[in-house]
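Asker: I would like the entire structure built from these sequences, with the hints used as guidance.
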Amino acid sequence: MVPPLLHLFQRRVPPVVEFPAVRYLQETKREAQRTVQLQHLLLMLLRILAVVLIVLAAARPVVTGGIGARHEPTALVLIVDNSLSSGAVQGGTRVIDDIAMRARETLREAQDGDAVWLMDVDGIARRGRPADLLADVIRLTPDARRLDLDAALRTAASLVATSGYTHGEVHVLSDLQRTALGSTVNSRRSTADYDTLPVNRQLSTVDSAFRNLPILIYHPKGDPPANRGTVMARPSPALWLPAGGDIRIGVGGGPSAGAAPATVQLSIDGRSGARSLAGTSGEVVLSASRLAPGWHTGIVTLDPDELRADDRRHFAVRVVAPAGVGVAPAAETGSFLYQAIGVLTAGGQVHTGTDVRLGGAPGGSGAVVIFPPADVSAVGALNRALETARVPWRFGARQDRQDTIIAPALPELAGVRVLQRWRLEESGAQPGRRDTSSAVLARAGDDPWLVRSGRVILLGSRLVPEQTTLPLSGAFVPFVSALVNRIARGESGVIEATAGDPVTLPAGVTAVAASDSAVPVPSAFAFTAPAAPGVYALRHGADTAGMLVVNADPRESDLTRASPAELATLWRGARIDITEDARAYGAQRFRGAGRSEITGPLLFAALLVLIAEALLAAGIWGTAK
Amino acid sequence: MTDLASQRGPRLDLLDPKEVAGLGGIEVVARGVVEGFLAGLHRSPFRGFSVEFAEHRPYQPGDEPRYLDWKVLGKRDRLYVKQYEEETNLRATVVLDVSRSMGWVGDAAKTLTKFDYATRLAAAISLILVRQRDATGLIAYDEAIRALIAPRAREGQWPLIVNSLGSLQPSGRTAAERALPRVIELLKRRGMVVLISDLLVDRERSLQALRYLRHRGHQVSVFHIMDPAEQDLEGPPEARYVDPETGDSVVASVADLRRAYRSTVAAAVAAWRKACRTSGIAYHHVLTDTPFGHALRKSSETVERRNVEA
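Quick note, the sequences are listed as chains A and B, same order.
Everything in the first sequence is counted per my numbering, starting at 22 for the first residue and increasing by one.
Everything in the second sequence is counted per my numbering, starting at 435 for the first residue and increasing by one.
Since the hints were derived computationally from the structure, they do not count as laboratory data.
Mixed in with the good hints, there may be bad ones.
Said to hold, decoys possible - Anything over 12 Å on all C-beta distances counts as not near chain B; from chain A, calculated:
| no. | residue |
| --- | --- |
| 1 | Pro82 |
| 2 | Glu93 |
| 3 | Pro94 |
| 4 | Ser184 |
| 5 | Gly266 |
| 6 | Gly315 |
| 7 | Val348 |
| 8 | Ser356 |
| 9 | Gly387 |
| 10 | Thr600 |
| 11 | Ala605 |
| 12 | Ile619 |
To be verified - Distance ranges between label pairs, derived from CB positions:
| no. | chain 1 | residue 1 | chain 2 | residue 2 | range |
| --- | --- | --- | --- | --- | --- |
| 13 | B | Gly714 | A | Arg55 | 36 to 44 Å |
| 14 | A | Asp244 | B | Pro670 | 55 to 63 Å |
| 15 | B | Gly714 | A | Gln54 | 32 to 40 Å |
| 16 | B | Ala543 | A | Leu66 | 34 to 42 Å |
| 17 | B | Ala543 | A | Ile69 | 40 to 48 Å |
| 18 | A | Leu628 | B | Arg707 | 39 to 47 Å |
| 19 | B | Leu448 | A | Leu66 | 48 to 56 Å |
| 20 | B | Lys544 | A | Gln54 | 26 to 34 Å |
| 21 | A | Ile69 | B | Arg707 | 39 to 47 Å |
This structure is a prediction, so every number in the text was calculated from the model and none was measured.
Ideal Cβ placement from N, Cα and C applies to all residues, glycine included.
Answerer: So, in structure tokens, the structure goes:
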């Protein structure tokens with residue numbers, strides 16, 4: 022706007038010149054008026070054009086194609102990070118859309134003589150013709166899986182090194198989450214520590230895998246948006262009675278999480294449940310109402326923000342009916358246990374039956390909880406019975422030492438002290454076979470105190486005041502309830518997994534089923550969790566043996582960007598260029614070839630325009646009759 | 435007073451008018467110019483159109499065939515040429531424009547004002563005529579008659595003209611439309627009229643007066659005096675140009691109008707030339723940096739051609 026304003030509003034008082042031939046001048050002006058006006062208009066346009074050309078030249082634009090657009094044959098590994106966090110909206114644009122556009126530009130510029138690999142969130146490098154890979158890039162969408170950038174870079178470096186090409190480049194198109202760099206950066210040092218290190222120390226050691234490897238990194242412009250996501254949704258306890266239970270919900274997002282509280286809501290079987298306000302980070306517990314026995318699936322949701330995909334988290338819970346309990350004679354188990362079972366029976370949490378037997382020796386159809394015998398001489402017979410029942414645990418020597426019970430999964434045992442116990446020792450009765458169902462549920466000091474092997478539970482102490490303070494505490498009845506309803510009845514059957522990660526399934530699982538399809542499981546020990554978050558049923562023939570709950574990696578919620586110093590330290594020896602400018606990225610790829618900067622032509626055009634303007638202003642053109 | 439004609443040196447009629455004018459007053463310059471001009475001409479420049487036969491002489495190689503006496507050739511088969519005697523009673527009047535615009539000069543360091551140039555040119559023409567023993571007079575005008583010397587062939591006529599020219603100053607407006615009728619009234623006997631002016635007047639009305647002179651039998655020559663700076667527009671990039679006579683003004687950009695202005699002036703000169711030619715008037719466009727001798731030669735050639743045609 023400046024040139025036309027100057028042109029139109031430039032006013033000054035001209036000097037007065039005595040000139041007798043004014044009549045000729047008047048006649049000239051009268052006849053040339055139209056021409057002069059056209060000339061002035063043309064002058065203004067030329068001046069505007071000159072300014073525009075100069076401004077454009079100052080922006081140093083580049084164009085693709087044309088003369089000089091070819092580059093040396095190059096081995097190119099294009100890493101497009103379409104992990105969950107790529108769905109975040111940054112600057113009004115989804116990260117995936119931004120980086121996919123850069124990828125398409127690069128692939129369009131790639132030539133048939135190049136060796137091009139495309140690697141996305143699965144970390145698998147696929148080689149193909151640029152046109153084919155372009156189609157793959159167009160189909161890319163944010164994925165719930167997490168890309169380990171460090172591992173991807175090392176794979177890419179290996180590909181470039183073994184490609185046989187003289188020129189090689191690795192392009193990383195990513196939001197550059199710090200959490201995507203593996204555990205190395207996140208565990209060793211804080212960002213501040215890296216930034217304060219002298220460069221020569223940061224680069225003191227060269228990683229041979231990255232020696233002189235050009236790594237061109239593009240991330241979207243500006244700081245990552247504030248984000249908060251659900252990083253955990255776990256039933257507590259893992260096995261519920263029909264009365265219901267709690268869902269422990271973790272909220273996080275790293276330093277970039279917003280400060281304002283957000284609403285978190287529970288939904289089970291499609292029905293909305295409790296809701297609460299969650300802070301920047303931390304844990305929220307929401308209670309669920311009464312549920313019928315069986316499997317139930319649910320979702321916790323957080324208020325939407327710039328990254329929607331991590332605002333939902335799936336969970337599954339198994340609800341069981343109250344256990345039918347049978348209790349051995351009080352002489353063996355103690356009267357406190359009798360009283361507790363009576364209270365639970367009166368409250369409807371247990372009933373008399375054969376699901377769980379408290380006391381006695383292993384055997385029978387139900388689960389059995391075995392206590393140390395009141396008679397010391399009976400220990401040997403009990404151990405032989407355990408061995409006969411192929412229980413890999415036995416009672417060892419008696420310990421008269423006070424210890425505090427440590428049982429993270431059993432909050433009812435918090436602070437309980439043990440006064441006297443029998444050591445629970447692994448008997449090793451099953452050579453060649455590892456019992457995967459065997460687990461230590463609580464310890465007293467360094468020794469196991471509560472263990473489970475299949476349907477047999479062993480306690481190191483009798484539940485009497487002489488051996489533990491538990492019967493005298495308020496947590497005794499809840500503990501007995503947990504013991505008969507949950508611990509004695511085995512695991513909940515829910516397996517949590519991260520999308521795309523390997524997961525170990527229980528033995529006997531034959532298929533993993535979604536709502537409308539089922540995937541056969543050839544080997545329970547080599548199964549990869551589905552990429553789509555959700556709850557999948559683990560089938561054992563026609564039965565449901567458990568639930569596989571697949572959610573996104575909670576690290577994806579932390580959008581904090583890695584610093585250049587961290588990258589330089591992680592990939593020592595590489596020539597790393599980081600840019601958030603699409604034009605700069607375009608100018609640097611393929612070593613700056615394949616594009617021509619048109620600053621020179623623009624300046625030349627501006628010069629021509631200025632010459633034309635000068636000639637026109639001098640009257641060379643335009644006013645001749 | 436120095437008689438430049440008696441000195442041997444460069445011909446003043448061919449030198450730059452500004453340099454020549456620096457040698458002395460009007461009389462000195464006019465004499466020097468005329469001496470130089472006549473020395474290079476070898477015959478009378480302003481021969482009258484009324485001539486009388488003098489004698490025959492044998493033809494010599496180099497004589498123009500048109501002067502051969504064909505009757506003698508037919509009768510005696512000999513080649514004789516006729517010689518004539520010029521008439522000495524031609525009445526010539528120099529009409530000089532002394533308006534204010536004549537006092538303008540574009541670059542005083544390089545050229546004379548139009549007035550200075552015109553006075554010296556008028557003095558030179560007068561001297562040539564006087565030397566031919568023609569009756570020579572002077573009329574100076576702007577919007578009125580400022581000087582009037584009736585044509586005489588006597589001794590002292592030319593000094594009288596020179597003194598009158600020296601006493602004139604450019605002033606007033608050019609109102610040729612009003613002054614020329616007065617001039618016509620003063621020119622009752624037919625003869626030669628030499629108008630020296632910058633012609634910054636209404637062309638049609640001025641031409642009408644000149645045609646009337648021509649109609650009355652006068653031989654009319656017009657010297658259109660122009661400063662080089664009037665032909666090529668120069669000056670600041672943008673200026674308000676004011677006519678010193680009329681006060682009219684116009685704001686113009688030199689860069690915008692230079693070429694168009696030149697074309698306009700060329701068209702104006704061409705229009706004057708064409709109009710004069712069709713009216714039987716001799717027209718001479720003279721820039722003030724033109725040597726006086728060139729201006730005199732152009733005028734003498736025109737007169738000679740007209741006499742031949744007559």
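Asker: Identify every previously stated hint that the structure contradicts and give their numbers, smallest first.
Answerer: none
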